[in-house]
Structure formats: C-alpha cells, structure tokens
Amino acid sequence: MTQAKSTAAFEEVLRVEGLSVEIGISTGLLRAVSGIDLHVGRGETLCIVGESGCGKTMTSLGIIGLLPRRARLTAERLVLEGRDLLALSPKQRAALRGDRMAMIFQDPMTSLNPVYTIGNQMEEIFLRHGKGDRKAARARAEYLLHKVGISAAASRLGQYPHQLSGGLRQRAMIAMTLMCDPTLIIADEPTTALDVTIQAQILHLLHDLQREYRMALILITHDLGIVARMATRVVVMYAGQVVETGTAAEVFAAPMHPYTRGLLDCIPIPGKTARGAQLGSIPGMVPALLGPIASCQFRNRCPQAFADCAAAPVPLRETAPGRTSRCLLTPASLVPQRAESLGAAE
Amino acid sequence: MSDVVLECRDVGRRFSVGAGMFATGKELRAVDGVDLALRRGEMLAIVGESGCGKTTLSRMMLGLLRPSSGAILFGGVPIDGIGRATVARHIQPVFQDPYSSLNPRKTLAAIIALPLEVHRIGRRETRRVRVEELMELVGLPRRLIYAYPSQLSGGQRQRVAIARALAMSPEVVICDEPTSALDVSVQAQILNLLQDLRRELNLTFVIVSHNLAVVEHMADRVAVMYLGRVIEAGPTSEIFSAPRHPYTQTLLDSVLTPDPTRGLPEFALGPGFPNPLDPPSGCAFHPRCPKVMPECKRTQPATRRDSARMVECHLYDPVEASAAVSLKS
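Going line by line, the protein sequences match chains A and B. All residue numbers for the first sequence refer to my numbering, where the first residue is 7 and numbers rise by one. All residue numbers for the second sequence refer to my numbering, where the first residue is 18 and numbers rise by one.
For the record, the hints were derived by calculation from the structure and aren't laboratory data. Every clue listed holds true.
Under 10 Å between C-beta atoms, here's a sample of chain B residues computed to sit facing chain A:
(1) Ser170
(2) Ser202
(3) Gln212
(4) Ala230
(5) Ser271
(6) Thr278
Estimated spans, in silico, between C-beta atoms of each pair:
(7) Val135/B x Ser171/A: 36 to 44 Å
(8) Ser171/A x Asp20/B: 40 to 48 Å
(9) Val341/A x Asp114/B: 34 to 42 Å
(10) Ala280/A x Gly92/B: 29 to 37 Å
(11) Pro74/A x Thr103/B: 44 to 52 Å
(12) Arg140/A x Tyr165/B: 52 to 60 Å
Derived list of chain B stretches under chain A, where covered just means 3 residues or more per stretch with a C-beta under 8 Å from a C-beta of chain A:
(13) 232-245
(14) 248-257
Predicted, not measured: the structure shown is a model, and the values here were computed from it. Positions of the beta carbon are idealized from the N, C-alpha and C atoms, including for glycine.
Whole structure, please, built from the sequences with the hints as guidance.
As structure tokens, this is what we get:
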C-alpha cells in the first residue's frame, strides 16, 4: 500500500496557504499566527525556527488539528495528500490523526499516558485506525520498538512510561507515531528535554526513519544547530509571520532578514566567535500580537529600520525560487554580520 | 594558594534510596571524590549529562547540602563550620528557571531586598537605594521596581534573580543552567550581562551547564563530570581543542554547531547512561567507551595530573595501557 502511494503523484504531502490562528483573550483577539504559507514533500525536512511566542507551535497544532478550544483557525488552503482538511468534519480529521499524520511532542513524560503500558498505547493507535487485530498490533509495536533502537522490545511493551529514561521515552514516542505508517510527522522540539548525547542519537533516528519511510518531516525548534544539520528547507517565523524561507545552506550562508541575522549573531559559534567576546543581541521585545498588522513587525528591534518600515505591512518577497524574505532592504544594503566582520578580521 | 576562593577536597555525597520500614535501601553515590579548586575571578564550568551529579555538587558548594565525605573549604575554612548565614553572604546562587525561583506574590523591590533584610543590612531607605543600584547594574528599568514577576519576560526575570544574588556583594556566584530556560536572543543578553558583571565586580563564577557552546564561550576552566566523578578538568581552550577522555570527546562531538555543510555527528555511545544505583565496575564509562580496554572493567583509573589538567582514564596510564596492548597481542 505504501509502495503504491509513494509512486503516485503525491510528491507534495502538505500544502498550507494563508493559515491564521487567533486566540480570544480578555483584551481582544491575539494573532498567534497571521497568514502563513508552507509546503513539505516526501523525504523532505522542513524546519520552522523562531523564539517563544512566534507561533511555531500554534502552526503545528493547527495543521494537526489539536488547537486549544479558545483558538480559531482560518486558512485559504490546508491540503494533506490531496485531501482538503478544511472540508473535513472534526471526526474525519481525527481519523487522519495518528494515521496519515502524527506528532511528536517536546516532553515524552507528559505526552505519554502514565497509567497505560507502552504496548497498550502503541496498540491502541493501530486498533483505533482499524489496521488489524490485536496480534498484528502487538507484532508491529514490537517491530517498531526494535526499529527505534530499544533493546528487549518485547519486555518494554509491558513497561510504563515512568520506567523508561527520557531518551527511551522519546524513542517509544517516535515508534508510536510510526504505527500507522504516516506520511507526515510533525516534531515539536523533540530533543529539548534531552541530554546532548541523547539529542544527537534521537535526531539521527528521526533522520534515518524519515529517509527509510520517505516521510515528510516538519521539525519545530529554536536550536539553530539542529536546523543547520537537519533541515532541507527552513522557515523562520517572527511574531506569527514567516519572515524568511530558503534552503538551510542559503539561510545560513546568507541570511536576508535582519531577524535571522540577529539570531545567528546571538549564539556563540565555536571557532568563529572569539572567546569571551560580546555576543550579539536583539534588543527590545516581541510586539503585542493584538490588532491588525500595520507595519513591519520587527522594525522596533531592527538595527536597520527606516521610515518606510512603519508605513505599511511588509510583504514576503521572493528573491529566487523558494527564497523569500519579509524585508524592504535589498541584500546589498544589509550591514555585514558580526560573524562576517570577525571572519574578515582574522 | 591565597587565590583559591572555594575548594572541594575529596568531596562525596551519598543518598540512601528506597529505604522503607523493611528495606534497608540502596546507596546512591551522587558525587564521589571530587577535587576542585576555584580561583578568584575565574569562571569554572561544570558540564555533564543529567544525573552526573553536577547539581548535587553545586548545592554542596552553596552549603545547601552537607558532603557525606571530604570537605568544602571557603577561604581555607570548611564551610560546615562557618554557618549558613555567613556562607550565604559570600556564595550566592542563580537558578535555572526564573519562573519558579522568584516569589510570584512579591514585588521586585521585595525580592531583591530580601537577602539584605534577612542579613539585617541597612535600613529601609538605604535598602531601597541599593535595590535601585542593583537593578541598574543588571539592566532592569527603574520603573519596574514595584512590578511582580508575572509582569516580566523570561530574560527580565533572570535579571531579577541575578540582582538578588548580587545584593549581598558575594564573592562567588553559582549559576545552575542560567540560560537554558531562555530564548536564544535573551540567552545572549544574559551571557553578556554575566561577563560584564564578572569584569566590573571581579566575581568568581561557577556555571553548571550542558550547553557546551556556551561553556566554551564563557568559561576559563571546565570540569567534566560522569557518574559523580570529575573525569577531566583543565583550561577551556585546551579541553576543547584537545580533549583527552573519550567521554569528553564524545560530548564535544555531539555539539551541533550551526553549519549546514555538516550532517549529524557520527558516534556510537552504546547503551544509555548507567544506573547510578548499580554503577559499572572499574571505570564507570567503560560500557559506553569506544576505546575500552580489559583493564577498564577491572580497576578504576587513577587521577593523572599535569600542569593545569587532570584526567581519569586508563589510556593515559603508561604502564597499564602498554600492558593492555601486550595482553591483546
């Protein structure tokens, strides 16, 4: 079945156009996400980067259909494997969740049910989506636990989440998302709660599985190191908007939006940043996400803001195929980055 | 030796786990035989995976936990004998999570002035002046003086925690993961602040962290811990350019620098972190070590020291290493 699907015309797995999420709060409507576009294909890793409050988690919850009740989603298009998700009833969408698309959360301790065994939870997904009987479910669960590198898989099935270490729990979580062989996996900060050595192993695992099963992977993270090593394409978000897109190589070699450039200046890069030198910083705070957007959202923190930035919302401009930036400056008029100027001085 | 501020001498800490009415409980060695000297004005980083004992060690340095063996000396005197209040005057903590380490029902003025009140320093008006001074020092606008923590951003809260730590003009500040709860851009601001403070006030810092890029950027010296022991220590530049212990090498390999031309690091660390209740025989790292030798399973490696570095690994034991080679051949 999988074979037939991968050879069909579904190279593109997910297409999102004009997705917005609004949350009703006491002082009005909070624009968590304002009209973002993204798409991801089979075998591709799309990284969404941004800081807390930029809307990256709300975007992923919106796609998978798990937004909190107060939040309202609107979109022009939301298409998964040719199916229009916007036209589906909540029940129909729930049927896709765990089957065609699955999500890996940041903290496996809170996203696994503590009172059921790992085996129970894995089998439930399989049975719920009518993929086979309990025996087949158990066999698949055992196979997948083995696949994600858990030794003694059969005995682990009978264990409860608290009996596993953080790394093993995240492995079990990943195995769980694979139960129904989904085409889209959304991983929201999958390694933030883990140690660096375990982080590298889990990322390896995700990478290898994605290659093997040719899944589309949306990886949400704030860690630019992970983005650089994992991403096929990168989407940088700021204040609910996409501010820059491109391949990982393009974005890291020549970031175009002042926010992306600021972020890259903030992290110490071994070998590039002089030890003990002042790190770059982005002064100021994220604007309040209330009311309509009337100007560039980043202008109050931008080192190169000028009068036009305040005049009107800045559109996302395409400078090359797949390469966009929401900035009025041309690449030539950007000031050199701190890292570049350091590199030149060496 | 006069420049040593804080010294750990063969410090160990054991916990009894699972003891009940009928069970005797097992002994967990959270920290074991740690020797570390903290010199005035330096920044020492303690790194390692979770469960390696770095937080337990930092709590002992703060005088919040008594060592089960060995001693921690402040200015040459065991801190056990100095008393809590005096220790707190000289050694202050900054904790990881500024959301849970600040009292949500107190204003910034009350939070920052609390150490002064506890130690009965100054009168109300002088304390208020000191609070304003401290807020300026850490870059908090004065208008926030009567704000509550919930009205602040994460970075501002961490600044409050730092201001509070500095209220007593301590000599040593111990920061346990000071930026891991913060966003990238805010992290940079806090790291810059810590460095400015260190220069201006000639503070001595201990930074407990798992972010090796941050450690390399900030620290003068690094101590790498594994299962309660310091397995390698030395100047940051030397450790990062030429790590000796295989564990340190693995840790450094797992750092993901933002370089899209490189893929994920290739290394096999084997099984996960060992159960501290049932530590492996010999060298605790041997089940995961890529360079394991027969000797490693039998005996714990001795501490090798040269000018500024120390390492605990059989690879650097000339006699045993050559013996192992001859055994193989």
